[in-house]
Amino acid sequence: MASPTLTTGTPGPGKNRGARRVRRQLPASPWLFAAPGLLITGAFILYPFVSTLVNSFTDRRTLVPGEFVGLANFRELLHDDMFWIGLRNSSLYVLGVVPALVLLPLLLALLVQKNIPGITFFRSAFYTPVVASIVVVGLIWVWLLDERGLVNSLLEMLGASPVGFLSDQWLILLSAMGVTVWKGLGYYMIIYLAALANVPRELHEAAAVDGAGAVRRFLTVTVPAVRSTMVLVAALSSVAAFKVFSEVYLMAGPSGGPAGEDTTLVMLVQRTGTGLTGRVGYASALSVVVFVVTVVLMLLVLRADRKEEA
Amino acid sequence: MPTSRRTFAAAAVAALVLPLSACGSGGDGGGSADASGKVEGDITFQTWNLRANFKDYFEGLIADFEKKYPGTHVKWVDQPGEGYADKISADAAGGTLPDVVNVSPDLVAPLAKAGLALDLDKAAGQYEKEYLEGAWASHRIPGTDGTYAFPWYLNTGPLFYNKSLFEKAGLDPEQPPKTYDEVFDAALKIADKTGGEVATLANVPTIEDFGRYGVPLMNKEGTAFAFNDAKGVALLTRYKELYDAKALDPQALTATPESSGKKFLTGAVAMNPGSALDLANFKKQAPSLYKNIGITDQITSTGHVNMYVMGLMVNAQSGRKPAAVAFAHYVTDAAHQMSFAQQVAIFPSTAGSLDDPYFTKEDGTDETRVRVAAAKSLKDAVNYTPVLFSEQMKTELRNEVAKALQGKQSPEEALDNAVKACDRLLQQQG
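Protein chains in written order, with numbering that gives the first Met the number 0: chain L, 0 to 309; chain X, 0 to 429.
Chain X with its partners taken away, still in its complex shape (with noise of 0.2 angstroms):
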């Protein structure tokens, strides 16, 4: 049967062929940042999990850019939070890539590298002195020339305490932890009174946390990890101290941002670090809590808080440059960040408008406290998190550190395994 034959060969050929022809393409290099010309036609604007509760003012502001530039068209498309790095990754690789992208600046760096982020200081340099100076320099990426997202949303938050578990331990409500040695001190009271049924953290330390302790996080020229210096490993040691009397929830160990939330809120954990967002969800979901609810800044060595930055980066192969930038900008200005920030409790990135009176007048309720702490502190927030720190890189800080606590390794070691582990990774990743 020679046909069969030819067909069986055929199909073997291509089946070991086309996944070798794969291995040759790949985002190397994006395409001109020139973004210059008429904003008109067709562009995807992809946000991340915005729609379920922001679909109108999305809607409007797309209508409105529309209105304001004729001739262009701007398709909405919303991902769902989990997994959104997974279908950025998709897009990326397929060449789909939306024109506009919600993104964090972790997710920039990868994508910058590989070619696929426009960069904006050439492409729309002239709108840099309109944000807030560490908020455009949060999508700068070590190792390449450039700025990659125009900078989004902001948001930052205090320390939430539950009054009531530290006036069983003998602590005064009024007075809560300033530094952290103050937190160490009252969640190992806390621990003791309680026989270690009442922890005051839920969560291992992460990278920010190492940070926000006055850890470096890099060396200056961003090519290698330096967490695992005397003040991390010191760190470390006193988390070491609060896990073994249980100080640290013991489940601290497996514990995600959700959990350890959630811990919060039914009153197994004294303390938790929140947003201004949070304090909805406990007036909702927890009233008891909520009547019991202290707030206090959010504890840092370093004089700066640590703040989250969402960013709009434009796809470099994007052949609609100029509408792009065009309404990467839009959505980003101050005018549409502001009003956005009036539906949620988010800040804007923009210089100038955490000065407006919604973000510096008090009305005595704990929103607007919470609120205007939270934009003074902005102003000179920073945004901990390295840009090359990858999840990969995450977990393996993660599990060493997991090690140290359960008392398999020093933290010294610790400290040192996850930077030669981080190190390796940051290699890899070229």
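The shape of chain L in the complex, shown without the other chains (with noise of 0.2 angstroms):
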């Protein structure tokens, strides 16, 4: 039977058949292994992505075969007020979202590290938003976010006076942003708590006994010891949040909140490449844009972990 560990030692003369038989297999064997998954990339990974690059560059509309137009789409997106909106909410979702995400998951998850009866359901109830559909969960708190929702209500009960969360184009960003966060809390808890698991507890122990309080273990002891979760952390949420799609546009609605002022970058893929008038071209540039960028937060991200490394 022919190993393929024969290959790369020097074959005997009585091997040499063998071997030359394993070489002929060898070069087809891992593709056929690869192939279901190299489908499955290519069938909708690889060509959509190429697709988009190619469309991206023509004035294709959904039923309109296009022609290439260069750099045509790119030129009119600098100039098109409704793209450095979106980029702005985008980016501003970033700023808002990740260190959210990257800090509080990490307490919540020290929290309910610990062995006590009852952790669990803690535990699982963290969680619950995160199985919960984003559709569902945003339109809970758009009805408690309301004008005569229940926060609003409560507002009145203690004498204040009704605040426009959804109404404000300030007020309805940052009011996805908090749903983004309470929704995202718990799966990042989860990455955290793994990560926690790794920490010895010696350490704890011996900075204890060297007088350090609560929070200088949590500085000098968790924090370097989960540092690359934290960067996984900041690396997943930033591209997470600069694709944001389903929050603000359950809360600012189709338009994108008033005269549009809270589109997202992704929103505005969907409001100008669908339907029956669809710019496909110019929601293709978009994309490659959002592609660009998400590299881009992604590489930052990773050097800002190596500098710290350094």
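Source of the hints: derived by calculation from the structure; they are not laboratory data. No incorrect hints appear here.
The calculated DSSO-like cross-link candidates involving lysine-lysine, where the alpha carbons are at most 27 angstroms apart (straight line), are:
| no. | chain 1 | residue 1 | chain 2 | residue 2 |
| --- | --- | --- | --- | --- |
| 1 | X | K230 | X | K245 |
| 2 | X | K128 | X | K37 |
| 3 | L | K242 | X | K86 |
| 4 | X | K393 | L | K242 |
| 5 | X | K188 | X | K230 |
| 6 | X | K393 | X | K86 |
Remember, predicted model here, so these are calculated numbers, not experimental data.
Build the complex: two chains, separate frames, hints provided.
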């Protein structure tokens, strides 16, 4: 029976035929194993990606084949006010959501890390928003934050004036950020719990013996120990935040808030490129920009991590 | 490893070439408009969110058609209301558009321009006289010759108002406003009396509102928009006045028809446009509102109310055109529209049907009162929304209107910008 390891050794005179057979078989068999994955990746990731890239240089519309227009779509988006609004909002979303999603789930993980009776209930409770549908969650928050919703009723009971959570452009964005953070807490908490399980207890005990308080132990023991996880969370959450759609769409409405001022880049892609009169070429150019910014974001996070390590 | 390099190269070339090849395809020419021949074969019929409530009706209709035309088989598919245009887009782009498709005029326009909708003037012109003139015309597309869908059911509706909110503001609940100026004055009074707590309107003006106000929406050729004239500016100026006084709900800038309907149900707004369908909804979901419901005519400065038209389009690339045309006509003929109208509060688009006693005789209930009034107004109603007014254009108008209401720009600037943006989109549509 031929074994792949045979090819790495020096073939003896009697092994030549077997080794040749192995060499002949080798190039094909790994491809066969990889074929299902490659086909799926090719059909659902590579092809749409390349297709989007190609379309971004055309004036293609939903029902009209496009012609090559060079960089015209990219030039147009530089002069499109809505593009800059989208870029601003998506960037603000990253700035608002990522720090909260890096820090708060870590604190939550520290809280539920302890093995005390009933803690599983709290872990499950914190995780529940993660499994809930974003549309359902979004609608619940819309009802809560409505001008006549529960939150405003409570504020009025306390003597405060109602707050236009869903009518002011900045409050809509802030409310959507709040929902994203609230929904993401449980997910990142689980990641941190796994990381915290690997932090040696002795380190905490040694620090405590040396007189370090809880805050000091958190900063000097916990944070360095889970730093790589924090980078991972920052990378994942920043990419997700930049591509935000559902939360803002549900809270700001299909038009993207008052005068479209809450539109994010992905909402703009959806609005521009869908429907029977969708501008597929232009929407593809917007998607390419989203892709480039996302890659840059990832690289920035990873670079910051390397600098820290150095 | 020459083999793997070749494989990679082939994969890369395929990945690059396949999307490029897609650029060369697309619907640039429909099939022939000839629909003569034997009515036979399998066809697919797509409706827009109708299965849940009318399954039995459509199954019966299809069975009768198949019995009338032996050798035919109709496969019925129903799509949800949400994302319907996207579903049609995907089918149209993928060449899988059903043979008979339930459409609204704004959906027909791009399909007709892409050669995917059958010109019924050529293929089924003999049926034109069976329908109301305005309904048949609602599927004509500026810039093309022809009519691209059979008119199906129509809808229109009155303006509902909350009598108790009128009373609280010192207005006579039995004397509802009849003109735009009266609506605006009542709204300002209600806002004033309730300290801005009760708004009267919950939606910003749409293209349809500009039409009903008497603003010319497009030029005569249908090649450019024109709603930025003095009358359009006057309407937006009044809305700005309402917004500042909180007579227009502060959440109107982000409202959808559904959300404003809910506000009316909860008594947060005093007036809401609706249809005959809404009465049953009020009765079921808001019995206390139903007790205080006031019904008045749709406000219009033109003398013609707005109507919504549904149609049945025949796929120009269908391989079974005779059967598809026959079926679309069968569903929309006077007898079947009449039987559908008796199942739900919609109105037939066939000539003479609205003179049926069902639409002319009241029995003292609100339902028949609304039905009779709506049927009467539909005879010369207008579908104000231009068929070329796309979703993207609606968003542009809405955003510019919102900026004007917020005081970020004047009503003139807002409408000039909206017209400019819509004209640009119109030209891009080709």
